[in-house]
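Once you have looked at the hints, place chains B, C, D and E with the ligands on chain A.
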Amino acid sequence: MRSFGGQLKQLSFWAENAAPIGLVVLVIVFAILSPTFLTLGNIKAMLVAAAILVILAIGQSFVITTGGIDLSISATMTLGAVGFGLAYTAGLGFWLSAVVAILTGLLIGLINGLLIATGKVTDFIATLGTLSVATGLALIVSNGKPITVTSVELLTLTSGSVWIFGYPIILAAILGVLAWFFMFRTRFGLHVQAVGGNEDSARANGISSTRIRMAVYLISAGLAGVAAILLVARVGAAEPAINTQYLLNSIAAVVLGGVSLTGGKAKIVGPIIGALLLTALTNGLTLLGVSQFYQPLAVGLVVVLAALLTRFQKK
Amino acid sequence: MRSFGGQLKQLSFWAENAAPIGLVVLVIVFAILSPTFLTLGNIKAMLVAAAILVILAIGQSFVITTGGIDLSISATMTLGAVGFGLAYTAGLGFWLSAVVAILTGLLIGLINGLLIATGKVTDFIATLGTLSVATGLALIVSNGKPITVTSVELLTLTSGSVWIFGYPIILAAILGVLAWFFMFRTRFGLHVQAVGGNEDSARANGISSTRIRMAVYLISAGLAGVAAILLVARVGAAEPAINTQYLLNSIAAVVLGGVSLTGGKAKIVGPIIGALLLTALTNGLTLLGVSQFYQPLAVGLVVVLAALLTRFQKK
Amino acid sequence: GSGSDGSGSSNVAAVIKGLDNPFFQAMQSGIQDTADADGVSVTIQAAADIGDTTGQADKLTALAGQDFGCFVVNPISGSNLVQALAPIAAAGKPIVNIDQPIDADAAAAANITPATYIGTDNEAAGGKAGDFVVSKVPAGAKVAIIGGIAGDVTSAARVDGFKAAAGDKLDVIQESAADWKREVALTQATDIIAANPDISAFFAANDDMGLGIVKAVENAGLTGKITVVSVDGNKDALESVKAGGLTATVAQYPYAIGELGLQACQVAVAGGDLPKDIESPTALVTSAEADQAISAFPQPFAPFENPLEGLLSK
Amino acid sequence: MIDKYNSRPDIAPFTGSTPATDFILTATDITKSFGGVHALRGASMTMRRGEITALIGDNGAGKSTMVRCLSGIHRPDSGEIVLDGEVVHFESPNAARQQGIETVHQNLALVEDLAVWQNFFLGREKTHGLGPFRTLDRKLMRKTAEEMLQGLAVNVPPVTSKVRRLSGGQRQAVAIARAAGWGSKIVIMDEPTAALGVQETARVENVITTLRDAGVAVLLISHNFDQVMRLSDHVWVMRAGLAVAERRTEETDGDELVALITGAKAA
Amino acid sequence: MIDKYNSRPDIAPFTGSTPATDFILTATDITKSFGGVHALRGASMTMRRGEITALIGDNGAGKSTMVRCLSGIHRPDSGEIVLDGEVVHFESPNAARQQGIETVHQNLALVEDLAVWQNFFLGREKTHGLGPFRTLDRKLMRKTAEEMLQGLAVNVPPVTSKVRRLSGGQRQAVAIARAAGWGSKIVIMDEPTAALGVQETARVENVITTLRDAGVAVLLISHNFDQVMRLSDHVWVMRAGLAVAERRTEETDGDELVALITGAKAA
Ligand SMILES: Nc1ncnc2c1ncn2[C@@H]1O[C@H](COP(=O)(O)OP(=O)(O)OP(=O)(O)O)[C@@H](O)[C@H]1O
Ligand SMILES: Nc1ncnc2c1ncn2[C@@H]1O[C@H](COP(=O)(O)OP(=O)(O)OP(=O)(O)O)[C@@H](O)[C@H]1O
Ligand SMILES: [Mg+2]
Ligand SMILES: [Mg+2]
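Chains as they are written, first to last, in the working numbering: chain A, 1 to 315; chain B, 316 to 630; chain C, 631 to 944; chain D, 945 to 1211; chain E, 1212 to 1478.
Chain A extracted, bound-state conformation (with noise of 0.2 Å):
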């Protein structure tokens, strides 16, 4: 107890933590003020609202291990989408749409590996570039207009739950649980913390970092695939709008959960915390019916808050 004390004034324990202790804090500041927010109910909406930016940041959680960014995460998960909807439109199924918006990710993650991993062209361009690309194809497929979806799987996946755990969570959390065992388990994880730590020292032992990388652009660009498919059942409909919010929201989760945009240091649990932490600030302040225009403001103080904790870190 008295070491734990001691850590607690430590700047870096805070610092290291920053998202979990801002979730805690969050949640009981919530607590207080609004009687709905922790009951159960409200607890699985908020889970199930979660979902989909957990499951983007895992996989922009593997791209920035390597010292990159994916700035197409979303505009890919939208082309997914749409991908979904037109496969389910044309008579596909369920099954096989879900497989056709996955690779409709890969689609657009082979391109951004292509490009960065052997055109070693800057991923912020890069994947600036295909976020265009990907926005404009999502679009051009689906002609501009939702494709409504009415399906038994999509809605089971949607409303099914075991206890406060809808689907949707479950399916995110054992993507989490899968991610964190490739990443911290395997040689491939190894690889990718080795890739983002020095790309010459990795190289010089033998590892590809052009498959790596190739490789972490494919998994988020997958990623967001599935994604798609939970955003499509969330909605019913595939629809070729631009989600920005999601693409920012990914990468704040990511660096909420203490991971460093130079690379090299993985974290899984600390970016999915950041996931939930940032759905728990938007729930709470419509809980409380905080004004609209206060809600960025108040999404802005809570990252730069976290980013100055975390330059605490220890290196």
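Among the clues, some could well be false.
What the hints assert, rightly or not - In the DSBU-like style, the derived pairs of lysine-lysine whose C-alpha atoms are separated by at most 35 Å in a straight line are: (1) B:Lys-460 <-> A:Lys-120; (2) A:Lys-265 <-> B:Lys-460; (3) E:Lys-1373 <-> E:Lys-1396; (4) E:Lys-1476 <-> D:Lys-1106; (5) E:Lys-1373 <-> B:Lys-435; (6) C:Lys-865 <-> C:Lys-799; (7) C:Lys-772 <-> B:Lys-580; (8) C:Lys-865 <-> A:Lys-44; (9) A:Lys-44 <-> C:Lys-906.
Claimed, not checked - In silico negatives: residues of chain A with every beta carbon more than 10 Å from chain B: (10) Phe-13; (11) Ile-28; (12) Leu-40; (13) Gly-93; (14) Leu-175; (15) Leu-288; (16) Phe-293; (17) Tyr-294; (18) Pro-296.
None of these hints come from the bench; they were simulated from the model. For clarity, every value in this text was computed on a predicted model and none was experimentally measured. Idealized CB from N, CA, C, for every residue including glycine.
Same frame as chain A, but now just chains B, C, D and E with the ligands:
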């Protein structure tokens, strides 16, 4: 001539000059496809339309030269515009309102500078935070409503011109010349490049990287404030809407202009040409009647191609 | 006034709001289909998205220099196209203003006199929705409003209309912004229902968000217990009204607006005189009218007196 | 004038009394350019079994480039590498390692944010399990890394600490232990003591002679003539992308080496 | 056991026959910590006019930290620096420079993307004009830089080429010329020849003796004992954050220095 011909064969020649070459290619293609494109009227219109982006690209270029990035630039412009609108409505008149717009911008720049230069927060996250904060503030102070501004000076600003050069582009050109002067002819500019090139070395030589970083975020925000005035003039109102497009385009313009996101290599003319290129692209596509859906695709492809080219730049 | 003293070209240029929204896609179809039917050449351009005020102005400016005889414009805000329209007006080319009215003061300052304005009063549309909700729920019932992007003009007009109609007959407990997006509206409606289980009605500033709210209501198992009303009258929304999801939508017939816009241009180019204002139809569609509305889509289902038919045939 | 020694097959290289089969490695006419920079212009060299071979030369002579060709980081533009009598083409650093060539690079090639044991096994991790769910055998790797480091009797911190926390000397020790610990045929060290103090240098030199005594052929790149004279059995001199001379160490001295490096004396 | 020599004022430091006024620099009881790392724990040292003073010690002994305190990069936690008889407190590297202390850092402190002349004048550019429109006097700076480099007779490329294109030796030359060219009282060089080849090292050593002959006091940090014995007049030995011994170079030898560094011999 021979040596010039020899240069043309060098990939690095194309890479160094991606923006001007791209601009020339675009102009030729559009001139062939559309009889209107090269009319004086259209050139004038394009130049006026480019002015805001040119100014933002200049600001962004200073930040990127230090190896940073300003994601809050367009939100700052929005807040500046709202500041102008409120000041004007309050009866401060054009000139005082313009000062208010710039001061409002500088306020966000100051926060960015404090966070990044003093607080050592990653640029990406700090400006992502202030992006949200500025957006929120713009909504709050304007109460979410556009503020219509009708002022003789604003009208002169948008409609006045010297031959094919409208006042906005003349203003942008003056700022470009000043920026070039400060970047390449003064100690300050040299220090900006030094901090971006190697912060440790710069500091060992007595340059205060804190002060330089602070300065570039102030410059970027101040220019966003100037751009805000042009925005109000152009739209005839101060609107609290976020202009995400300007953010992404300002970064794309700088990169198209041959500035590396890793910092240390300054360019002013390149980003300006990059901004003109992006404007000409949209203008040409509009003239050709290309569907709205294909436009993001086209922009994305141009950005990716230019990025592929710039990677062959000499180090 | 509207003269045919320009280049005499009968080509029409149209600049509308972002096509990432079915409402404006229908508007585009209305313009295009009418042009095709009447053998008129038309170029349609749209803003990148609902916030792209300067981009829209740039596009109009690009078109202004070309050989068009008439311009149909649907500005994002009251004033964002004024600068771009000034040279068009100066060249004496007719301007047909649809959907979003150009700010009168700004237009006057720039010497712009639109040949006509065609559109629905968004405030009135919101008002229709408000009246409907007032008639559906007990007095003093709790309602929530979900608007588009915070700060958007159309959204604000619809919401203001709704609030005016609600007056003190309804208790507006919350107003939030869902960026015109279905998914965001779903999340917010879910939260609002959680915080206020006794809520009676939602008003959404467009159909997409309305459908998101319907989904939230469905998830909460309160379908039929909570009234959801939105504005637009998109196909999806009409289907939902029929299926008992949305309680009602205030259809604005963007297709008809587009159609009227093109026809007005034809009249103007031919030198005809246009009425100053043409009110395009709006209609409240509840489950009773849903079938009718769907089969007539995208045309109005109720008989509609087109003031331009007579002028056109001249 | 550069004496293009190696391109003149009529002049037999100085091989002393060593029969050709005693060459564990022969590199012949290696060229390597980077854009316009010709880093290697047809360099040849040999290494003998159980000996320490030194490679010296001025800055930019091409020593590190040669090392990178031998260890599979660069692929030579032309030329032949014969290892243990067989012609080899290394497609990757791992290929060279599998053939028994370990390298301590000038920059150490460590990843700061990874633990010592992770760096130790980087690129050739031990795993158990099957297929995509093959997991890292963390226990085995930690144990092995610890044993290897201790076997070299270098004072290092726990293998679970991050390399970032290690001092320069400790890092060098990890890199050298990693290269030395794999029972390889050849260990290449590119300026292993450049930044080290007296004590650390002594330790590293000790490791080098221990390796030789264990029958490993060591290639030592160094600017320190005392060290070269003290440790090596044979010296190759490079100048401007070429190997311009070789000497048995006992038959030369510092002055001659300087003359060879600067070109004051031809081979 | 560390002999905390400098904290015992009862033992007079070894100053030979030099009167106290001949000390151009005296640093007394300097401490400096980084978080938990005590890099300097009360180190003292002196430098004499017109002499080359060597500072030696193992990796991590604190040499570079001491240098950074003397050149204004770090502010000491405690202790006193007396320059030319006056107590000085350097607020910035420029303050130290203005007082006449120039430093060649271990990492050279060059900006690769800037031209040679820009690096030369970095932080103290010449300007003409007034106020915010004061422009760089590019012509003057180019000319001065060229003269200074030539004055040192080092073979360098045009002053307008970027440092990125320079070889390691050329960079070192630029950094040294920069430090040497300002008519300063003291030039500090932190391992100036660590990565240099024979020819480059000879040139740098030449610069160092030229400086001394011009009356400049030079502080030389080096791991190379031969160099220290060859060049320096006086040697300070650091161990674990303390200066533990000093010797006149002519009165000591390599073995004693090693013993002092490792702590095998007390001061
Ligand atoms: N990746 C590369 N790209 C371009 N040039 C290179 C590269 N690697 C080496 N060179 C150039 O090749 C030449 C030989 O370099 P190398 O590193 O092999 O020299 P070295 O003998 O190891 O020198 P040092 O003693 O300074 O380590 C130099 O001119 C160097 O600039
Ligand atoms: N900025 C810093 N932050 C934390 N620790 C530091 C810092 N600078 C130096 N140290 C630590 O202080 C101690 C002394 O370092 P210093 O660089 O002065 O040693 P040195 O004698 O120059 O060694 P070398 O011969 O390797 O250059 C080391 O333990 C080092 O890790
Ligand atoms: Mg080398
Ligand atoms: Mg040092």
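For this structure, which hints from the list above don't hold up? 1, 2, 7, 9, 16, 17, 18
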